[in-house]
Amino acid sequence: MKKNIHLSAEPLEIGTCRDFASGNSNGAECIFIGTVRNATDGRTVHQLHFECYESMAMKEMDKIAGKALEQFEISAIAIHHRIGTLAIGDIPVIIAVGAAHRGAAFSACQFAIDTLKESVPIWKKEFFEDGEVWVSAHP
Amino acid sequence: MKKNIHLSAEPLEIGTCRDFASGNSNGAECIFIGTVRNATDGRTVHQLHFECYESMAMKEMDKIAGKALEQFEISAIAIHHRIGTLAIGDIPVIIAVGAAHRGAAFSACQFAIDTLKESVPIWKKEFFEDGEVWVSAHP
Amino acid sequence: MKVLIFGAARDIIGKRELDFPLPTNPSVKSFRENIFKEFPELKKLNALAFAVNEEYANDDDVLKNQDVVALIPPVSGG
Amino acid sequence: MKVLIFGAARDIIGKRELDFPLPTNPSVKSFRENIFKEFPELKKLNALAFAVNEEYANDDDVLKNQDVVALIPPVSGG
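Protein chains in written order, with the working numbering: chain Y, 1 to 139; chain U, 1 to 139; chain B, 1 to 78; chain P, 1 to 78.
Think of the hints as simulated: they come from the structure by calculation, not from any bench.
There may be inaccurate statements among the hints.
Derived DMTMM-like pairs: lysine to aspartate or glutamate, alpha-carbon spacing no greater than 20 Å straight-line [unchecked claim]:
1) U:K117 with P:E55
2) Y:K59 with B:D19
3) Y:K67 with B:D67
4) P:K15 with U:E54
Bound conformation, chain Y alone (with noise of 0.2 Å):
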């Protein structure tokens, strides 16, 4: 039973990630990568800004690793956050899963990405030619 969160400014690596939820015992992996997409909506996205409370989103994380772990048979979840300013391409998040088989690894994957949406207190604020926004703060 293995978590290994990681909220951090540097770029993050899907290898690290993978050596953290590979492990003898797994037939196998799946891994999660967010990218920062050209557009939304049809707008042009220039660059994000992610900010978190840092101390409660780690905690949050653990959490989401730790009712992965219980409700799902994995061996092992890595969940890493990038957080501060990112361009296009660049990778806000990495959801790394290992399992003997392939159903828990994909249930527990989409399970921790849907979870960490909802409840991690991360802000992204997208930049347009013509502004920028918090988003899904305003109706």
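Given chain Y, put chains U, B and P in place with the hints provided.
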């Protein structure tokens, strides 16, 4: 609409698959990695051997990629399968999917590995301490 | 009480941190009413959650002077 | 007719490839009956599918002498 199919006796590379699935209009990538487990039903596995009907396997993998691009809102999919002799921890299969949104990336990736396991003419022989067996061949 | 302010809420209040008086009835609900009175623009947010000492709080939770409260506008990580 | 043989089926037949006569009624179904008669051990497989010219075939598909048939025991890739 991009698909990339690869069947090889050389080690598979996650980075190559990911590069293929990446793109600036993507917000999500889902990568599935199959790995050789050290045990099946409690029996220790020493190595695996994969053989295939190469020309047909390429066609079937190409069909799966085509269906995934048709059925899900994804931008690219790479399906790489290794053949020959593999040791514990080696990677027989990688499927990488890029999409604007994560739901489609997960669904297409899971569809692709599920279908690959049903239809692609590749056969796995497991080597145990006391013998070898073609997986799923006999009741 | 120390209040931490993030994201869109910070743009409204103009500060990362506030010292805010403990409500007479020291529930999270009363705190919300008081902070909304002080900064009515907060009502324009899609939603506003509160954390007390790094845990999401409910309306009925009781606040103490040494608690750290945080204003949590809709999160958008990932 | 050229017949390709893979996996567990090859262990039974002992060859990677066979030359097998086109059945009198040249359907996939007849071919299956004939090859099962020649190699009864094939019945012990969990399942056995057939491909004709690199495509999965149905019982009713009609075979020609120049077709390449493949014996496909249960696949186990991935």
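(message) Check whether the Cα positions of Y:K67 and B:D67 lie no farther apart than 20 Å.
(response) Distance of about 27 Å is beyond 20 Å: violated.
(message) For a C-alpha distance cap of 20 Å, please report whether Y:K59 and B:D19 respect it.
(response) Violated, at roughly 24 Å.
(request) With a cut-off of 20 Å on the C-alpha distance, tell me whether U:K117 and P:E55 pass. (result) holds (16 Å)
(request) Verify the proposed pairing of P:K15 with U:E54, using a straight-line Cα cut of 20 Å. (result) holds (17 Å)
The structure fails hints 2 and 3 (numbered hints given earlier, in ascending order).
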